[in-house]
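Chemist: Okay, here's what each chain looks like letter by letter:
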Amino acid sequence: MAEIQQQQGNRRTRRNSFPVLRVDMTPMVDLAFLLLTFFVLTSELKKENAIVAKFPVISEETTSVNNGLTLLIEKDPGKIFWYRGKFDPSMHLNVVKAEKNGLFNVLSNANSSVYNQIEVIDRQHKLGLLNDKTWLEKRSALLGMNSIPFVIVKWDTEASYGTVVDAIDDLNRSHNNKYTIVPVTDAEKTLLDKVNPAK
Amino acid sequence: MPKIKAPSHSPSLDMTPMVDLAFLLVTFFMLTATMPAPEPVIVDTPSSISDVILPKNTMLITIDTSGRVFFNMEGKEVRQQMLRRMMNQFPEVKFTEDEIVKFGSLQSFGVPFSQLPEFINAEQSKRDIMNRDTKGIPMDTLNHKDELSYWINFGRVEEYTWRQDQINQGKKAEALRYAIKADGKAAFKKVDAVIALFKKQEVFTFNLITALEGDPNNASIPAK
Numbered sequence: 113m114a115e116i117q118q119q120q121g122n123r124r125t126r127r128n129s130f131p132v133l134r135v136d137m138t139p140m141v142d143l144a145f146l147l148l149t150f151f152v153l154t155s156e157l158k159k160e161n162a163i164v165a166k167f168p169v170i171s172e173e174t175t176s177v178n179n180g181l182t183l184l185i186e187k188d189p190g191k192i193f194w195y196r197g198k199f200d201p202s203m204h205l206n207v208v209k210a211e212k213n214g215l216f217n218v219l220s221n222a223n224s225s226v227y228n229q230i231e232v233i234d235r236q237h238k239l240g241l242l243n244d245k246t247w248l249e250k251r252s253a254l255l256g257m258n259s260i261p262f263v264i265v266k267w268d269t270e271a272s273y274g275t276v277v278d279a280i281d282d283l284n285r286s287h288n289n290k291y292t293i294v295p296v297t298d299a300e301k302t303l304l305d306k307v308n309p310a311k
Numbered sequence: 167m168p169k170i171k172a173p174s175h176s177p178s179l180d181m182t183p184m185v186d187l188a189f190l191l192v193t194f195f196m197l198t199a200t201m202p203a204p205e206p207v208i209v210d211t212p213s214s215i216s217d218v219i220l221p222k223n224t225m226l227i228t229i230d231t232s233g234r235v236f237f238n239m240e241g242k243e244v245r246q247q248m249l250r251r252m253m254n255q256f257p258e259v260k261f262t263e264d265e266i267v268k269f270g271s272l273q274s275f276g277v278p279f280s281q282l283p284e285f286i287n288a289e290q291s292k293r294d295i296m297n298r299d300t301k302g303i304p305m306d307t308l309n310h311k312d313e314l315s316y317w318i319n320f321g322r323v324e325e326y327t328w329r330q331d332q333i334n335q336g337k338k339a340e341a342l343r344y345a346i347k348a349d350g351k352a353a354f355k356k357v358d359a360v361i362a363l364f365k366k367q368e369v370f371t372f373n374l375i376t377a378l379e380g381d382p383n384n385a386s387i388p389a390k
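Residue numbers (our numbering), protein chains in the order written: chain A, 113 to 311; chain B, 167 to 390.
The following block holds chain A by itself, in its conformation from the complex:
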């Protein structure tokens, strides 16, 4: 079936020259496609990307007088506690479910003016109404605005890396670019244990 077709025209030469060379190419085709499949699969499936995260050194004084948001990440990856403004041992902690954009909604609401404006210019850029230069200029101006709240992500000793990364991802998506990641304080830990006793 799959062999090189010998030219049939000149029969006289066949008599006293080499026998007809017939190479069955089927196994070769099989091999080639096997290799092809292998390389296609290995090169496409391995998609890795990275979040660029900054871990600045911030003094405890700065974090204690935060006017923005504080997220408390605990052992349970499905629940994130948060409060606004200054910490108070008797305060009410808000709870948000991590899945289904729970945390993302909290963060984008806290940053609503910048978030909405960036969404608008992103859409305009996508539709071709804004050129790259003005779009990037507008973006960086918006991302430098003072109205972006300062978010402190505080982790408990039992918090998993995945939950913290999810929080960073939500921060990036909601254009909250002012954030830091620090361990929880003892006072916050006490309050967390009170609010969430089931362990």
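Calculated from the structure, these hints are not laboratory results. We put the beta carbon where it would ideally sit given N, CA and C, even for glycine. Some clues are possibly wrong.
DSS-like, lysine-lysine: derived pairs with alpha carbons at most 30 Å apart [stated by the list, open to error]:
| id | chain 1 | residue 1 | chain 2 | residue 2 |
| --- | --- | --- | --- | --- |
| 1 | B | K355 | A | K198 |
| 2 | A | K166 | B | K311 |
| 3 | A | K301 | B | K260 |
| 4 | A | K245 | B | K222 |
| 5 | A | K191 | A | K212 |
| 6 | B | K260 | A | K166 |
| 7 | A | K166 | B | K351 |
| 8 | B | K365 | A | K198 |
| 9 | B | K292 | B | K365 |
| 10 | B | K292 | A | K166 |
| 11 | B | K351 | B | K365 |
| 12 | B | K260 | B | K355 |
| 13 | B | K301 | B | K338 |
| 14 | B | K260 | A | K187 |
| 15 | B | K351 | A | K209 |
| 16 | B | K355 | A | K306 |
| 17 | B | K338 | A | K245 |
| 18 | B | K292 | B | K366 |
| 19 | B | K301 | B | K311 |
| 20 | B | K337 | A | K187 |
| 21 | B | K351 | A | K301 |
| 22 | B | K355 | A | K212 |
If you want a taste of the chain A side facing chain B, the calculated C-beta under 10 Å gives, among others [as the list claims (entries may be wrong)]:
| id | residue |
| --- | --- |
| 23 | P168 |
| 24 | M257 |
| 25 | T269 |
| 26 | N284 |
We have chain A; now place chain B onto it with these hints.
Modeler: For chain B alone, kept in the frame of chain A given last:
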């Protein structure tokens, strides 16, 4: 034996162009595919919607579920020079010239420095066992046993020297990036301990390796 008469128009198909095409594609994918570096441990990274592609010139710290730390540095020369510096720091561990060369083409490792010669000489199956049993690279600051900090420091110094060489030769060289590939289930405390070592060396920005995830809002996140 009677002669079989071949049909004048045989239904055979010439597969030569197909083979050509298949091998062309194979060659293309072979050349473009970047083989994933052999990982010492299986790490299930969390996912994110970030579209930042992992940079090329990286120092990679791998942290598995139980918080064990593995270290990898790219570049043969850099690795060899880095090892020489480590040998000066810990003279009690002896390496032969051959082992230094071999270390250059090694990948991620997670054994204490004292076990490194054994690890270099071991077969792959033995290395797998060592990777399974190791407690990771020691990073306790007591008794000058903070080997990870030394690896990081020497890796950075040697990478810088190498990069300056490249630039002096008129070649392009990307700045060194610091990548952390940790398991989603690993305790953040362990990751923070590694970050704390970097902070001491004034490194504050990291590439946290994640698996690509579709954006649930389908909002466009532009590349930085």
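Chemist: Close enough to count: is the Cβ of A/M257 nearer than 10 Å to one in chain B?
Modeler: Constraint on A/M257 not satisfied, violated at 17 Å.
Chemist: Does the alpha-carbon distance linking B/K260 and A/K166 stay inside the 30 Å limit?
Modeler: violated, 38 Å
Chemist: Is it true that the CA of B/K292 sits at most 30 Å from the CA of A/K166?
Modeler: With a Cα-Cα distance of about 38 Å, the restraint between B/K292 and A/K166 is violated, given a limit of 30 Å.
Chemist: Decide if the proposed pair is consistent with the structure: B/K355 and A/K306, CA atoms, cutoff 30 Å inclusive.
Modeler: holds, 22 Å
Chemist: Does the alpha-carbon distance linking B/K301 and B/K338 stay inside the 30 Å limit?
Modeler: violated, 38 Å
Chemist: Is the hinted pair A/K191 and A/K212 satisfied, with a Cα-Cα distance of at most 30 Å?
Modeler: holds, 12 Å
Chemist: Decide if the proposed pair is consistent with the structure: A/K166 and B/K351, CA atoms, cutoff 30 Å inclusive.
Modeler: Holds, at about 21 Å.
Chemist: Checking one constraint from the list: CA of B/K301 to CA of B/K311, max 30 Å. Satisfied?
Modeler: Measuring from Cα to Cα gives roughly 14 Å; hence the hint holds.
Chemist: Can the restraint linking B/K292 and B/K365 be considered satisfied, given a maximum Cα separation of 30 Å?
Modeler: Distance of about 35 Å is beyond 30 Å: violated.
Chemist: Would you mind confirming whether the straight-line C-alpha gap from B/K260 to B/K355 stays at or under 30 Å?
Modeler: With a Cα-Cα distance of about 34 Å, the restraint between B/K260 and B/K355 is violated, given a limit of 30 Å.
Chemist: Against the 30 Å threshold, does the CA-CA distance of B/K292 and B/K366 hold or violate the hint?
Modeler: violated, 35 Å
Chemist: Check the hint pairing B/K365 with A/K198 against an upper bound of 30 Å on the C-alpha distance.
Modeler: holds, 27 Å
When held up to the earlier numbered hints, the structure conflicts with 3, 6, 9, 10, 12, 13, 14, 18, 20, 24 and fits the remainder.
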